[in-house]
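Asks: Based on the sequences and whatever the hints tell you, model everything.
Protein chains in written order, with this note's numbering: chain A, 2 to 374; chain B, 2 to 374.
Since the hints were derived computationally from the structure, they do not count as laboratory data. Some hints here could point you the wrong way.
Because identical chains share one entry, a pair is satisfied inside a single copy or across any pair of copies.
[As the list claims (entries may be wrong)] Result set (SDA-like, lysine to any residue): computed pairs, CA atoms no more than 25 Å apart in a straight line: (1) Lys-349 <-> Asn-60; (2) Lys-289 <-> Gly-370; (3) Lys-81 <-> Glu-122; (4) Lys-289 <-> Leu-72; (5) Lys-81 <-> Phe-321; (6) Lys-106 <-> Lys-173; (7) Lys-311 <-> Gly-53; (8) Lys-81 <-> Ser-310; (9) Lys-311 <-> Arg-50; (10) Lys-81 <-> Glu-325; (11) Lys-311 <-> Asp-86; (12) Lys-289 <-> Glu-325; (13) Lys-283 <-> Asp-365; (14) Lys-353 <-> Ser-121; (15) Lys-81 <-> Glu-48; (16) Lys-173 <-> His-123; (17) Lys-202 <-> Gly-303; (18) Lys-9 <-> Gly-354; (19) Lys-311 <-> Ile-326; (20) Lys-311 <-> Glu-47; (21) Lys-289 <-> Ile-326.
Computed from a predicted structure; not experimentally measured.
2 protein chains.
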Amino acid sequence: MEFEVITKDAGTQARTGRLTTSHGTVDTPVFMPVGTAGTVKGVTPEEVRDSGAQIILGNTFHLYLRPGSRLIAKLGGLHKFIGWDGPILTDSGGYQVFSLAKLRKITGHGVIFRSPVDGSEHIFTPERVIEIQETLGSDLIVCLDECIPYPSTYEYTKDSTDMTLQWAQRSKKARTSEDAHGLFCVVQGGFYNDLRESCAKQLVDMGFDGYAIGGLSVGETRQMMYTVVEQVAPLLPRDRPRYLMGVGLPEDIIEAVVRGVDMFDCVVPTRHGRRGYLFTRKGHIIIKNSCYKDDESPVETGCDCYTCSKYSRAYLRHLFMSGEILGLRLNTIHNLHYFGNLMKGIGKAIEKGEMLQFREWFYDMRKGGERCS
Amino acid sequence: MEFEVITKDAGTQARTGRLTTSHGTVDTPVFMPVGTAGTVKGVTPEEVRDSGAQIILGNTFHLYLRPGSRLIAKLGGLHKFIGWDGPILTDSGGYQVFSLAKLRKITGHGVIFRSPVDGSEHIFTPERVIEIQETLGSDLIVCLDECIPYPSTYEYTKDSTDMTLQWAQRSKKARTSEDAHGLFCVVQGGFYNDLRESCAKQLVDMGFDGYAIGGLSVGETRQMMYTVVEQVAPLLPRDRPRYLMGVGLPEDIIEAVVRGVDMFDCVVPTRHGRRGYLFTRKGHIIIKNSCYKDDESPVETGCDCYTCSKYSRAYLRHLFMSGEILGLRLNTIHNLHYFGNLMKGIGKAIEKGEMLQFREWFYDMRKGGERCS
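Replies: Shown next, in the form of structure tokens:
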């Protein structure tokens with residue numbers, strides 16, 4: 002994996018860059034649609050690419066449990082299996098495992114958990130998680146870390162962060178090839194400045210291909226998230242990509258880009274789409290609202306996505322109310338395009354040195370608002 | 002609506018024809034995918050057309066209840082609303098209303114029923130059903146009839162058939178334009194030869210643009226269905242299209258074509274697809290079976306559909322087992338293509354005067370069978 006910063010914004014920490022993998026290049030800042038179980042839910046790889054997405058995220062946890070990483074390897078690897086020939090980042094599975102609550106047990110060695118699919122017992126160690134991701138054939142892989150909730154005590158956070166650091170060291174040793182993929186560590190430390198700083202510095206000393214900021218979007222306020230990003234990003238190497246995991250909403254992406262983040266992933270465009278929550282520059286639309294019943298306009302006037310080029314809000318509302326599969330898909334297509342266009346807009350703004358103006362424009366557009374009477 | 006018989010088969014009653022509507026022409030024999038609630042479930046209009054389908058069916062009952070025929074008219078008609086610019090046939094809604102069992106009451110005037118969507122009371126009369134279909138802007142419309150179950154008594158069947166005949170007469174009077182659409186009556190008469198014959202003859206005397214054979218696929222044996230088709234088809238005008246409603250499986254389509262039927266509709270390719278039942282020339286595949294777990298081959302080798310050109314059985318099985326939306330869609334695309342190719346094969350066979358050989362080839366192919374070990 003190679004990474005190169007191309008341009009830096011004038012008034013903020015934002016930058017554009019190019020990430021090169023064996024499955025192609027990615028322009029940063031980038032948003033990665035989430036392909037949880039080997040599919041970005043509801044859409045084909047072609048539809049994902051048409052939305053402007055250059056890289057997708059796969060969930061190690063889900064793919065490991067079903068259909069299994071060895072089976073995927075036997076079938077030619079994750080790219081071939083799911084029909085996506087662009088870059089893939091797989092997460093460490095940590096977030097999902099730690100979300101299992103009573104179904105898992107953490108030790109310094111790793112995490113023992115029960116499969117929610119069939120109840121079978123499994124263990125994720127840092128080494129195993131690297132092996133699984135290598136088996137899948139991912140382009141970008143992530144070290145196992147513990148993602149702790151907010152609030153957590155200082156003591157718990159400190160112990161957990163120490164463990165995450167040890168796991169990062171073990172993960173680095175466990176990788177069998179540096180050419181095949183880029184390895185991302187995860188900066189933890191909760192909401193304690195000294196722990197975040199110490200974690201970031203130690204990880205930078207170890208040296209990784211990329212640096213993820215983890216443990217955010219776990220219940221804290223939006224301002225707290227921005228504060229952590231603002232604190233951590235400058236501690237990371239300027240020539241390495243910075244990845245804010247699991248984020249997020251358009252405004253969160255913009256605020257994080259301004260603070261120096263290059264990569265994002267989130268289920269928001271896909272999950273919100275399936276629930277009938279559609280993004281537009283003027284805000285959002287809840288498609289089931291009765292005001293859209295006879296609305297002949299597209300979700301967003303001027304949007305060039307398949308959904309907007311062909312269907313009315315009235316039709317999308319009808320599909321949603323009728324529980325039709327096509328509705329889930331058309332909504333998802335639009336939202337992915339919205340995020341694709343957002344990232345293009347961000348990239349252009351940075352190239353012009355106008356990221357602050359872009360942020361202002363973004364918030365201004367929303368003031369007009371989508372009104373549902 | 003115009004219809005022209007193009008070629009007749011040498012050894013059977015099969016024929017090819019061309020049906021012309023204001024939204025384009027249709028080559029017969031034709032299979033119409035069912036777009037129940039304004040969408041062929043899970044796929045776009047483009048995907049429907051790519052499968053070889055030239056016309057789709059919409060359900061008057063569903064569209065009338067939700068989103069409502071007046072709303073659809075206000076939004077520019079059914080074609081515009083759903084984004085399908087080819088021909089559309091709407092059924093009379095009779096089949097759905099009569100399936101409501103306790104929620105409906107039949108009188109000579111019409112059928113009173115309660116909406117399964119919101120419990121509201123409605124009445125379908127022959128006149129109302131024509132009006133609704135005209136409001137939707139359908140190219141081919143169907144008279145309200147009573148679809149009775151098998152078995153039904155002679156007396157009940159006779160009274161019901163008389164009512165269907167009266168309703169056909171009323172439907173014909175109710176239409177406001179002969180240019181805008183073709184009107185199909187429905188031959189009923191249950192499984193009593195004299196009632197079928199009398200019904201067919203009286204409808205022919207009234208004169209319709211097309212003739213549907215109804216009341217089949219309601220619980221009788223396959224052979225009984227073929228017998229009715231064999232009896233009724235020759236009673237219908239040679240220069241008018243014959244439509245076997247709600248049928249069916251590939252073998253049923255072939256047997257009915259051989260007996261002189263031109264048009265078919267059925268939820269089989271779409272519904273079976275969503276349930277993981279995939280059609281191939283060698284029989285069918287139940288995709289959830291474990292033998293497909295690591296099967297790298299496409300659903301059907303040689304099939305040129307999107308699904309087969311890109312994905313393995315193993316991937317489709319994974320999507321099915323994971324409950325992924327994409328699986329429903331990919332399965333549906335393949336099954337629609339299978340039906341599209343089946344109809345193309347039938348058309349070519351008739352043109353060559355080789356429909357009997359085609360039928361033989363069809364059954365022979367299945368003897369090889371899809372084996373799941």
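Asks: So, against the hints stated earlier in the document, which numbers end up violated here?
Replies: Of the numbered hints, 1, 3, 14 and 17 do not hold.
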